[in-house]
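44 is the number of the first residue of the sequence shown in the numbering used here; add one for each residue after it.
Just so you know, the hints here were simulated from the structure itself, not pulled from any lab data.
Incorrect hints may appear among the rest.
[Claimed, not checked] Okay, derived cross-link-like pairs now, DSS-like style, lysine-lysine, Cα gap no bigger than 30 Å in a straight line:
{"no.": "1", "residue 1": "Lys296", "residue 2": "Lys139"}
{"no.": "2", "residue 1": "Lys139", "residue 2": "Lys323"}
{"no.": "3", "residue 1": "Lys205", "residue 2": "Lys364"}
{"no.": "4", "residue 1": "Lys139", "residue 2": "Lys304"}
{"no.": "5", "residue 1": "Lys323", "residue 2": "Lys364"}
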Amino acid sequence: MSTPNEPAKPSVSAGSAAASLHQVTIATPAEHDGDEPSEDTISSRGRKAKRAKETKQQEREREGIGPTGRPYREIPEPRPLERHGPALVMAMCNQKGGVGKTTSTINLGAALAECGRRVLLVDFDPQGALSVGLGIQPHELDQTVYNVIMERSVSITDVIRKTRVDGVDLLPSNIDLSAAEVQLVAEVGREHTLLRVLRPVMNDYDYVLVDCQPSLGLLTVNALTAADGVIIPLECEFFSLRGVALLIDTIEKVQERLNPKLDITGILATMYDPRTLHSKEVMARVVEAFGDTVFDTVINRTVRFPETTVAGEPITTWAPKSAGAAAYRALAREVIAR
44 MSTPNEPAKP
54 SVSAGSAAAS
64 LHQVTIATPA
74 EHDGDEPSED
84 TISSRGRKAK
94 RAKETKQQER
104 EREGIGPTGR
114 PYREIPEPRP
124 LERHGPALVM
134 AMCNQKGGVG
144 KTTSTINLGA
154 ALAECGRRVL
164 LVDFDPQGAL
174 SVGLGIQPHE
184 LDQTVYNVIM
194 ERSVSITDVI
204 RKTRVDGVDL
214 LPSNIDLSAA
224 EVQLVAEVGR
234 EHTLLRVLRP
244 VMNDYDYVLV
254 DCQPSLGLLT
264 VNALTAADGV
274 IIPLECEFFS
284 LRGVALLIDT
294 IEKVQERLNP
304 KLDITGILAT
314 MYDPRTLHSK
324 EVMARVVEAF
334 GDTVFDTVIN
344 RTVRFPETTV
354 AGEPITTWAP
364 KSAGAAAYRA
374 LAREVIAR
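Taking the hints into account, I'd like the entire structure generated from these sequences.
The structure is reproduced here in structure tokens:
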């Protein structure tokens, strides 16, 4: 849902997105001068160039221009809830691995909880990275989302676990889930299995965030079929950019054949490095192709995120005053506003 001060979101077409993204041109090595450390960086010329870049960035920030190249949209404070549920289901989806899906699922969930929302995180990746990121060892689990999917005698409430974050629960996963993709092939209505599993607890939560595996297989189709919206984490890197059109094509097919209410909630730029021209180029192409669907919030590269994985908690509690924590709090406000 759009706020009064927020421009209406354009419809995203796989065809138009593919056309725009396939026209991407990358700067020549000469234009990337200053991206990589060299002997010149310690020279007077290198220091002056660095100061000039910093000054330009500070001027843009004072003018309210974000990394997307657009002015920041006014996002209202989230309203307190009188009651919880029914939940909106969001699929965190990208067929490319290593783009920040799991990190974004954990930290967005924690930030939504800070806004008074009850959140269920669903680990729908056999690697179990979401579970590990919340301090749970997948190989030690007796029951996971796999048991809920494949065994009618197992209820989702038997498997959901509390996390260290107030207001955030977890439906864990481990390597057993890899067998489900094969076993579900013969099932009637196999694409709706996750939706069936989630129905009994939908009124207990405000948001269900599904961390999808890095593929466009049956598990991901299940997540898209159950979802009200899709959040696409997109690494600010060329190869990530070229794969997005294929993902949107899959989303459109699910929309047409299985889940008419499915929509793209937003595209989240991750691993952004404001010091490099390449990141800025990719960002410009994404905004050109998808317009207001791109979140104003951008997640910068930082060493804090790997630290949180080791700690087994989100950045909002591990480093609450960090720039990464502030970014995910801003993202939570955008998600609630949409």
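Outcome of the hint check:
1. For a cut-off of 30 Å, the pair hint linking Lys296 to Lys139 stands: about 19 Å separates their Cα positions.
2. Restraint check: the Cα-Cα separation between Lys139 and Lys323 comes to about 20 Å, which is no more than 30 Å; the hinted pair holds.
3. With a C-alpha separation of about 25 Å, the suggested pairing of Lys205 with Lys364 holds against the 30 Å cut-off.
4. A distance of roughly 24 Å separates the Cα atoms of Lys139 and Lys304; the hinted pair therefore holds under the 30 Å criterion.
5. Distance check on the hinted pair: Lys323 and Lys364 sit about 26 Å apart at the alpha-carbon level, within 30 Å; holds.
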